[in-house]
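**Q** Sequence:
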Amino acid sequence: MYGGEPMEEINPFFRNVAMYLRKSRAEEGESTEVVLARHKARLTKYAFDYKVNVVHIYEEVVSGDSLFARPHMVELLHAVEDGKYTGVLCMDIDRLGRGNMKEQGLILETFKDAQTAIITPDKVYNLNDEIDETATEFKTFMARQELKIIKKRLNRGRQMTIEKGGYVSNPPFGYMRAYQGKVPTLAPNPQEAEYVKMIFQWYCEDGLGCPTISHKLSDMGVMPHRGKEFSRNSIRKILVNPVYIGKVVWGQRKHIRPKKAGEKNVTISMPRDKWMIIDGLHSPIIDKKIFEKAGKILSERYHPPYMYPDKIVNPLAGLLYCQQCNFTMTLRTFGHRKYQSNHILCATKGCVKSSRADYVEKFFIHELGEKLHNLEMEQQNKESTVETQSMQIVLEKMKSEHSKLLKQRERLYDFLEQGVYTVAVFTEREQRISSRIAELIKEIEETESRLDKKKKQVEVLIPRIRYVLQEYWSASPIKKNQLLKSVVERAFYFKAKDAAPHDFTIDIHLRIDPLV
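Under the numbering used here, the first residue of the sequence shown carries the number 9, and numbering increases by one thereafter.
Hints listed in this document are in silico derivations from the structure and should not be mistaken for laboratory results. Mixed in with the good hints, there may be bad ones.
Stated by the list, open to error - Calculated lysine-lysine pairs in the PhoX-like style (CA-CA distance at most 25 angstroms, straight line):
id	residue 1	residue 2
1	Lys-487	Lys-379
2	Lys-379	Lys-282
3	Lys-160	Lys-282
4	Lys-160	Lys-59
5	Lys-296	Lys-245
6	Lys-450	Lys-405
7	Lys-92	Lys-156
8	Lys-357	Lys-505
9	Lys-120	Lys-59
Please work from the sequences and hints to get the whole structure.
**A** Below, the structure written as structure tokens:
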């Protein structure tokens with residue numbers, strides 16, 4: 009038990025332990041850094057009292073009920089599955105996860121199969137022991153029920169607030185957070201509200217388009233609440249947002265949590281008949297007639313349609329990024345009728361110069377061919393490249409240092425028992441060594457991953473790239489895109505302002521795991 013006398017014999021589950029830190033819902037009022045620091049201090053003291061050998065610390069700064077929304081938890085599970093740890097030290101079992109039954113089952117089965125204990129200040133849970141397994145399942149069940157109740161209360165509270173005309177989301181541009189009694193609402197931000205009026209004036213009366221308006225605001229130094237500058241899309245969202253005529257809208261979008269590692273949150277736009285539109289408590293910034301006029305103009309103007317995956321016209325869609333601002337490069341058509349031509353450009357104002365799409369596509373395939381040639385040369389030489397040899401030398405040095413540090417840490421316990429070190433000196437030195445060990449483990453894993461990547465690229469990518477180059481020019485745009493995405497992770501485009509039409513660069517990054 010935490011706070012009691014330290015045990016004389018070291019528990020075998022304490023030999024090689026990972027510490028997992030995550031804030032609970034009960035601590036939402038405090039900053040993540042403060043909470044995790046407090047938990048870390050308590051668990052470090054527990055580790056010292058009971059001689060728990062903590063070799064790595066996972067600090068989860070991202071909140072989320074879903075397992076796959078917490079990257080460090082996913083990383084920890086992979087490490088447990090690989091048998092890296094004898095135990096995982098955390099404040100309580102529900103810190104590991106209290107999402108749905110499937111996710112909780114996955115976590116517990118992973119620990120059980122790997123014979124890894126869950127260590128808390130109150131109890132050590134060995135999931136291969138029937139009593140401990142039953143206790144763990146009961147605790148996770150209760151945690152899941154508690155989470156359901158909390159979610160229901162939160163959703164009910166949001167619903168009641170919205171029905172009263174309150175506003176529970178982040179304030180949009182032009183407004184700031186306010187309260188009427190205890191109900192959260194909005195109040196016009198005097199300076200931003202004037203810019204909102206300008207946006208509608210420019211669009212409805214002066215005939216300016218969304219890109220021009222976004223550039224004018226950027227030139228004036230006006231910044232949105234999120235991001236560095238306005239975009240065409242952010243201006244369009246302002247023009248159609250009913251909040252500016254005093255309305256509160258709920259249910260416009262539905263968010264779907266990721267179900268697998270590596271997946272992102274998916275946002276779905278809901279049909280208008282599913283929306284809840286209510287008169288808000290806040291004051292409008294825009295007159296209803298002006299808002300309706302903006303909507304009418306918007307519906308009459310041409311806007312480039314969203315291209316669904318089965319209607320892709322740009323073979324480089326989702327692959328080519330601007331090297332300067334890291335935004336996706338897009339395909340645009342310029343000119344009229346027979347003089348029209350497609351260009352690849354960056355939507356960021358004043359960024360890299362655009363190029364004709366056919367020039368970019370041909371050069372992209374040429375660069376992919378060069379990548380293939382380099383991989384073939386490496387395979388033919390049957391020897392490690394200078395880069396690979398250097399990484400192997402560095403890897404051996406890191407492993408040697410890691411081994412020495414583990415021995416140093418073992419000696420610290422001897423010095424403490426012999427009275428050579430005080431508790432304060434021991435704690436300071438043990439934390440310093442453990443921190444360096446954790447850094448080394450991460451560096452070793454990253455280096456091994458890079459070496460493995462090089463090996464996979466040579467063995468797997470060569471036949472895949474050959475196939476892509478062979479099939480590419482006879483394929484449809486969507487098929488071209490699929491072929492390229494099977495071997496290319498992403499590519500970066502750069503072209504100087506004064507560059508000639510063909511004078512641009514494309515840096516291709518190949519996939520680590522080529523898609524079959």
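**Q** If any of the earlier hints don't hold here, list their numbers in rising order.
**A** 2, 4, 7
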